[in-house]
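Undergrad: Residue numbers (numbering that gives the first Met the number 0), protein chains in the order written: chain G, 0 to 63; chain L, 0 to 63; chain H, 0 to 63; chain X, 0 to 63; chain B, 0 to 63; chain R, 0 to 63.
Be aware that one or more of the hints could be misleading.
Since the list can't tell identical chains apart, any single copy or any two copies may satisfy a pair.
Straight-line distance between alpha carbons at most 20 Å, and here's what the computed DMTMM-like set of lysine to aspartate or glutamate pairs gives [said to hold, decoys possible]:
no., residue 1, residue 2
1, Lys47, Glu9
2, Lys37, Glu61
3, Lys47, Glu61
4, Lys55, Glu21
5, Lys47, Asp29
6, Lys11, Asp48
7, Lys11, Glu46
8, Lys55, Asp44
9, Lys47, Asp59
These aren't lab readings, by the way, just hints derived from the structure by calculation.
6 protein chains.
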Amino acid sequence: MPFITVKMLEGKTKEQKRQLIERMTEVACDTLGVEASKVFIFIEDLEKDNYGKNGKMFSDQEPN
Amino acid sequence: MPFITVKMLEGKTKEQKRQLIERMTEVACDTLGVEASKVFIFIEDLEKDNYGKNGKMFSDQEPN
Amino acid sequence: MPFITVKMLEGKTKEQKRQLIERMTEVACDTLGVEASKVFIFIEDLEKDNYGKNGKMFSDQEPN
Amino acid sequence: MPFITVKMLEGKTKEQKRQLIERMTEVACDTLGVEASKVFIFIEDLEKDNYGKNGKMFSDQEPN
Amino acid sequence: MPFITVKMLEGKTKEQKRQLIERMTEVACDTLGVEASKVFIFIEDLEKDNYGKNGKMFSDQEPN
Amino acid sequence: MPFITVKMLEGKTKEQKRQLIERMTEVACDTLGVEASKVFIFIEDLEKDNYGKNGKMFSDQEPN
Numbered sequence: 000m001p002f003i004t005v006k007m008l009e010g011k012t013k014e015q016k017r018q019l020i021e022r023m024t025e026v027a028c029d030t031l032g033v034e035a036s037k038v039f040i041f042i043e044d045l046e047k048d049n050y051g052k053n054g055k056m057f058s059d060q061e062p063n
Numbered sequence: 000m001p002f003i004t005v006k007m008l009e010g011k012t013k014e015q016k017r018q019l020i021e022r023m024t025e026v027a028c029d030t031l032g033v034e035a036s037k038v039f040i041f042i043e044d045l046e047k048d049n050y051g052k053n054g055k056m057f058s059d060q061e062p063n
Numbered sequence: 000m001p002f003i004t005v006k007m008l009e010g011k012t013k014e015q016k017r018q019l020i021e022r023m024t025e026v027a028c029d030t031l032g033v034e035a036s037k038v039f040i041f042i043e044d045l046e047k048d049n050y051g052k053n054g055k056m057f058s059d060q061e062p063n
Numbered sequence: 000m001p002f003i004t005v006k007m008l009e010g011k012t013k014e015q016k017r018q019l020i021e022r023m024t025e026v027a028c029d030t031l032g033v034e035a036s037k038v039f040i041f042i043e044d045l046e047k048d049n050y051g052k053n054g055k056m057f058s059d060q061e062p063n
Numbered sequence: 000m001p002f003i004t005v006k007m008l009e010g011k012t013k014e015q016k017r018q019l020i021e022r023m024t025e026v027a028c029d030t031l032g033v034e035a036s037k038v039f040i041f042i043e044d045l046e047k048d049n050y051g052k053n054g055k056m057f058s059d060q061e062p063n
Numbered sequence: 000m001p002f003i004t005v006k007m008l009e010g011k012t013k014e015q016k017r018q019l020i021e022r023m024t025e026v027a028c029d030t031l032g033v034e035a036s037k038v039f040i041f042i043e044d045l046e047k048d049n050y051g052k053n054g055k056m057f058s059d060q061e062p063n
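In isolation and in its complexed conformation, chain G is listed as follows (with noise of 0.2 Å):
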């Protein structure tokens, strides 16, 4: 515990993903009171054509 599972658009670096993993366990550690081997986390890369806002396919909305 806790099981932390981060949706986020497809396209993020490792480098980025790494960071989030780290910073984030870092985060429930502290406010949470438990040790980092307790801590869990997902990540999902949501393609732009999954992802709808506004009425809109994301990946209508950008700028060709």
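Since the structure of chain G is provided, determine the placement of chains L, H, X, B and R on it from the hints.
TA: Just chains L, H, X, B and R now, with coordinates in the frame of chain G:
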């Protein structure tokens, strides 16, 4: 709010996904009284080997 | 298929949920070409203390 | 974006949740280069009867 | 690994949940070759007003 | 009902997934008293760069 996740078998067209996003947003706005900018939709494409029903893998149940 | 999860703030009425289920099922049938019996909808009521936006707890952002 | 879900055992205080929301948002902004208004956090309180580890129900593993 | 989430209608007994946790862990260990300590199970109790099938709210489909 | 999601590291064989689906369905039927046709199983393959434990990316912890 709201955040809507649609898990469905892989293989839908981009246009089907567009329609799904557009019309689901409309339904959410109408029934929940929110603005379209507050409605988020995530589509998850499920591979046929990763879906089980009736104790069987979906891809095993398809006619060859 | 499909399996639709709607995560939204607590407090919606039973009738709003009914409408949401009915009309989301229609949209799924129309756009994905499936029968209503194949459409499953799960609603998740989110408590205001359990929702964070803009770095703040939602319940902290409400006028008292 | 991003959408962050934190599933954790029930019983955390409101202040712990505030800290979690605030600091997780900071980490997301720093590492992913997004604004705080684009970061959404959902907390899920897990009941001890609904959590299993090592083949056992968590509530069965607690000292009485 | 693995992390198993079971979403089911509210109302199951504690003993049913115990059995579910125990036996699902066994299956995961046998089929995936992992130790029981690496298997995590989350149960989600779904309220009958929050579950829709066939375009209808589940609680509306129950005999009074 | 029930809807079972299994999140696990990528790389399992198709036969392992078949076994997982078959035997998890049996467990659900036995313990919850439902028919196999009512049990739905979703498998999520987790990439090693998208899984964090102990503050580290899983792929960084593997021997080269």
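Undergrad: 20 Å Cα cut-off: does Lys11 pair with Glu46 within a copy, between copies, both or neither?
TA: Classified as both: same-chain Cα gap 12 Å, cross-chain 14 Å, threshold 20 Å.
Undergrad: One pair to classify: Lys37 and Glu61, alpha carbons no more than 20 Å apart. Within, between, both, or neither?
TA: between (39 Å within a copy, 17 Å between copies)
Undergrad: Can you give me the call for Lys47 and Glu61, within, between, both or neither, at a CA distance of at most 20 Å?
TA: within (9 Å within a copy, 29 Å between copies)
Undergrad: With 20 Å as the alpha-carbon cut-off, assign the pair Lys47 and Asp29 to within, between, both or neither.
TA: neither (34 Å within a copy, 22 Å between copies)
Undergrad: How would you label the pair Lys47, Glu9 (within, between, both, or neither) given a Cα cut-off of 20 Å?
TA: both (7 Å within a copy, 15 Å between copies)
Undergrad: Which holds for Lys55 with Glu21 at a C-alpha limit of 20 Å: within a copy, between copies, both or neither?
TA: The answer is between: 6 Å across copies meets 20 Å, while 34 Å in one copy does not.
Undergrad: Using 20 Å as the alpha-carbon threshold, which applies to Lys55 and Asp44: within, between, both, or neither?
TA: both (19 Å within a copy, 18 Å between copies)
Undergrad: At most 20 Å between C-alpha atoms: does Lys47 with Asp59 qualify within a copy, between copies, both, or neither?
TA: within (9 Å within a copy, 27 Å between copies)
Undergrad: 20 Å Cα cut-off: does Lys11 pair with Asp48 within a copy, between copies, both or neither?
TA: both (16 Å within a copy, 11 Å between copies)
In terms of the numbered hints stated before, the structure departs from hint 5 and from no other.
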